[in-house]
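If you read the sequences in order, they're chains A and B. Quick note: the first sequence uses this note's numbering, first residue 2, plus one each step. Quick note: the second sequence uses this note's numbering, first residue 2, plus one each step.
There could be a bad hint or two in this list.
The list cannot tell twin chains apart, which means a pair is met if one copy fits it or any two copies do.
Derived pair list, reagent style DSSO-like, types lysine-lysine, alpha-carbon separation capped at 30 Å [claimed, not checked]:
hint, residue 1, residue 2
1, LYS332, LYS229
2, LYS309, LYS226
3, LYS233, LYS207
4, LYS332, LYS369
5, LYS269, LYS359
6, LYS156, LYS47
7, LYS228, LYS332
8, LYS229, LYS330
9, LYS233, LYS98
10, LYS309, LYS40
11, LYS309, LYS229
12, LYS40, LYS207
13, LYS229, LYS88
14, LYS330, LYS226
15, LYS332, LYS233
Because the hints were derived from the structure by calculation, they are not lab data. Just so we're clear, the structure is a prediction, and the values are computed from it rather than from any experiment.
Protein chains: 2
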Amino acid sequence: MKDNLLLSPGPTKVPREVYDSLGSPIIHHRTPQFQNYLKEAMEGLKEIFQTKNDVFIMASSGTGAMEAAVCNLLSPGDKAITVEGGKFGERWTELCKAYQVEASVIQVTWGTAVQPQQIKEILDADKDIKAVFVTLCETSTGVKTDIQAIGEIVKQTNAVLVVDAVSGLGVDDLQADNWHVDIVCSASHKGLMLPPGLGFISVSPKAFGLIEQSKNPKYYFDLKKAKKTADKTDTPFTPAIALVIALTKSLEIIKKRGLENSFNHFAKLAQAARESAEALGLTLFTDPSCRSNAVTAINVPEGIDGGKFVKTMRDTYGVTMAGGQASLKGKIFRIAHMGCINEQDLIAGISCIETVLKEMGYDFEADKGVKAAQVALQV
Amino acid sequence: MKDNLLLSPGPTKVPREVYDSLGSPIIHHRTPQFQNYLKEAMEGLKEIFQTKNDVFIMASSGTGAMEAAVCNLLSPGDKAITVEGGKFGERWTELCKAYQVEASVIQVTWGTAVQPQQIKEILDADKDIKAVFVTLCETSTGVKTDIQAIGEIVKQTNAVLVVDAVSGLGVDDLQADNWHVDIVCSASHKGLMLPPGLGFISVSPKAFGLIEQSKNPKYYFDLKKAKKTADKTDTPFTPAIALVIALTKSLEIIKKRGLENSFNHFAKLAQAARESAEALGLTLFTDPSCRSNAVTAINVPEGIDGGKFVKTMRDTYGVTMAGGQASLKGKIFRIAHMGCINEQDLIAGISCIETVLKEMGYDFEADKGVKAAQVALQV
Chain A
2 MKDNLLLSPG
12 PTKVPREVYD
22 SLGSPIIHHR
32 TPQFQNYLKE
42 AMEGLKEIFQ
52 TKNDVFIMAS
62 SGTGAMEAAV
72 CNLLSPGDKA
82 ITVEGGKFGE
92 RWTELCKAYQ
102 VEASVIQVTW
112 GTAVQPQQIK
122 EILDADKDIK
132 AVFVTLCETS
142 TGVKTDIQAI
152 GEIVKQTNAV
162 LVVDAVSGLG
172 VDDLQADNWH
182 VDIVCSASHK
192 GLMLPPGLGF
202 ISVSPKAFGL
212 IEQSKNPKYY
222 FDLKKAKKTA
232 DKTDTPFTPA
242 IALVIALTKS
252 LEIIKKRGLE
262 NSFNHFAKLA
272 QAARESAEAL
282 GLTLFTDPSC
292 RSNAVTAINV
302 PEGIDGGKFV
312 KTMRDTYGVT
322 MAGGQASLKG
332 KIFRIAHMGC
342 INEQDLIAGI
352 SCIETVLKEM
362 GYDFEADKGV
372 KAAQVALQV
Chain B
2 MKDNLLLSPG
12 PTKVPREVYD
22 SLGSPIIHHR
32 TPQFQNYLKE
42 AMEGLKEIFQ
52 TKNDVFIMAS
62 SGTGAMEAAV
72 CNLLSPGDKA
82 ITVEGGKFGE
92 RWTELCKAYQ
102 VEASVIQVTW
112 GTAVQPQQIK
122 EILDADKDIK
132 AVFVTLCETS
142 TGVKTDIQAI
152 GEIVKQTNAV
162 LVVDAVSGLG
172 VDDLQADNWH
182 VDIVCSASHK
192 GLMLPPGLGF
202 ISVSPKAFGL
212 IEQSKNPKYY
222 FDLKKAKKTA
232 DKTDTPFTPA
242 IALVIALTKS
252 LEIIKKRGLE
262 NSFNHFAKLA
272 QAARESAEAL
282 GLTLFTDPSC
292 RSNAVTAINV
302 PEGIDGGKFV
312 KTMRDTYGVT
322 MAGGQASLKG
332 KIFRIAHMGC
342 INEQDLIAGI
352 SCIETVLKEM
362 GYDFEADKGV
372 KAAQVALQV
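Please model the entire structure based on the sequences and the hints provided.
Right, dumping it as structure tokens:
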């Protein structure tokens with residue numbers, strides 16, 4: 002019987018306890034009962050974000066949180082830096098364009114990461130730059146950005162550092178405060194093991210300084226309003242109550258495992274995915290210097306139809322991985338290691354890759370992938 | 002044992018089948034499997050909106066859909082009409098202000114409705130007005146606006162008519178196409194019986210004409226992007242998957258009952274609520290000429306602390322009604338008739354009102370409220 006194994010980099014698998022929590026009877030949001038959940042959720046998020054700053058919860062996808070960063074920080078004519086090394090880096094540029102922010106765009110070959118030095122050079126040359134927008138894990142390519150090094154550079158300037166951590170949060174280490182990250186954007190449906198529908202954003206005092214000067218219009222995503230209501234354990238607009246309550250459950254699960262253990266767990270899964278791909282004679286898309294542990298991007302071997310490959314895994318075998326996006330369509334496929342994906346899920350996924358590659362006539366030594374994963378995972 | 006009976010005007014009770022559907026395993030959104038749900042949801046919403054126009058689904062609260070209307074239709078310096086007869090009418094003015102739209106604000110005594118003639122006079126005097134923003138059911142006061150009459154007026158002009166139907170949709174009749182409404186905004190957590198987290202917006206061709214000219218910034222709420230992706234049964238950003246799947250279930254339930262039967266059902270509940278309040282010697286806040294069937298606003302009797310009254314019902318007896326907002330704080334309380342609230346729920350609510358009024362020393366003839374409701378409901 003075909004099951005539905007989600008190994009896509011968002012949405013990710015949702016634990017049973019979180020589903021159960023989603024089905025709890027809805028309570029009204031302007032009550033002490035809901036405030037208890039909201040407080041627990043906001044406090045728990047701070048631990049995952051590794052920050053003392055407020056983390057605001059929005060009813061939106063991760064893109065909503067990203068838009069909140071741009072429209073709250075900047076004014077038309079302001080200058081910023083964006084890094085385009087994939088689809089989500091491009092989103093920062095698009096958002097800047099929508100809000101008439103002049104973006105200095107650093108073009109990066111897909112599959113490689115920006116060099117922090119490139120950001121330093123632009124900041125040194127133009128003291129008017131107000132914000133640097135980067136991506137922790139570029140889901141479209143599997144690249145991890147060196148946020149710590151960029152944080153060291155940006156903190157010396159008046160600019161704020163904004164990190165899209167929609168993917169990667171809770172998987173790749175991101176120390177918001179220690180690394181001087183002013184704004185971190187994230188969402189519910191990746192490392193946090195919830196269905197999509199919540200956006201999260203942490204905001205530093207330095208960022209609030211800039212927010213005071215912003216002239217761009219905003220209402221639903223107004224961070225000053227978010228701050229004012231959060232101070233009273235409230236939200237400016239009706240929150241996505243069921244998802245917030247379920248969030249407290251997923252935060253509890255993550256807390257029980259511990260952040261450090263999570264990072265180690267996903268590092269092991271990612272390593273196993275890489276080794277098993279190579280054992281099958283496949284090559285990895287992402288440069289070895291900057292591989293995220295949240296998603297492994299694998300090149301589709303020559304002669305195999307990448308679209309059909311992913312579709313067959315999903316529709317015939319019930320295993321959902323992601324194909325490539327934009328220019329990578331049909332050329333790569335991607336396996337996630339996030340949230341509650343575990344060793345057995347990964348091995349089932351690798352086994353499915355083997356099955357479908359075999360069906361499609363790819364020539365390789367059977368079971369080598371699964372064996373490599375078993376060795377790497379020590380299962 | 003204290004239960005949790007939600008009689009507040011949003012969020013409202015969620016049917017068991019919808020909860021079950023919320024807990025279905027998450028599937029990826031860019032798959033034919035999810036497209037089936039999305040298509041069903043978009044088609045089902047058209048029936049409730051009584052429109053042939055597209056209805057777009059957003060991961061947001063209802064305010065997100067309202068912001069989408071303002072930022073997509075208008076440019077800085079454009080003129081519009083808003084009606085302030087309650088908290089949600091004020092929201093249209095605030096949104097206009099945020100986007101530098103000059104709003105001619107019609108002030109209306111809370112508890113009464115705007116006269117369509119007032120809108121006609123402003124439109125006649127100023128041909129540059131591009132949009133008229135009104136509220137179907139003003140949840141803060143229980144007032145229903147005469148959308149049909151306003152539609153007849155606005156259709157003669159170049160302006161578009163935008164209706165906030167976050168409350169009231171599926172309860173008070175709103176014939177978007179027959180009544181010439183260009184944009185209807187709504188949300189998941191009132192008449193549609195879902196937890197909050199989805200915003201809906203229908204857009205007419207006349208509205209799309211104006212959208213083409215708009216210069217205000219937008220990204221997450223960009224309706225051109227929504228249209229482009231909806232045409233391919235997709236969403237511009239990750240949708241709130243679990244809520245969309247659950248929406249198909251609630252639409253199925255509403256379809257089974259039929260819209261006409263729903264309107265009749267809620268009219269009966271509202272009438273029963275009004276009669277039982279009066280039987281208890283209480284007075285109704287809302288002018289009799291414009292009472293919505295979605296929510297009944299009742300004046301807190303002299304000598305009773307309105308805040309404590311609502312709090313006691315909720316915390317001691319597990320019955321959640323809403324108090325008054327803004328200037329009505331402590332002065333009124335509100336009972337909803339929406340979604341899956343039925344005769345038994347209403348009677349339980351009235352009984353709880355009696356119990357707490359008695360406890361608080363209000364002098365009335367015991368059980369008269371429940372009896373009046375029973376008669377009105379013929380139960």
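* Which of the numbered hints above does this structure break? -> Violated hints: none at all, because every hint is consistent with the structure.
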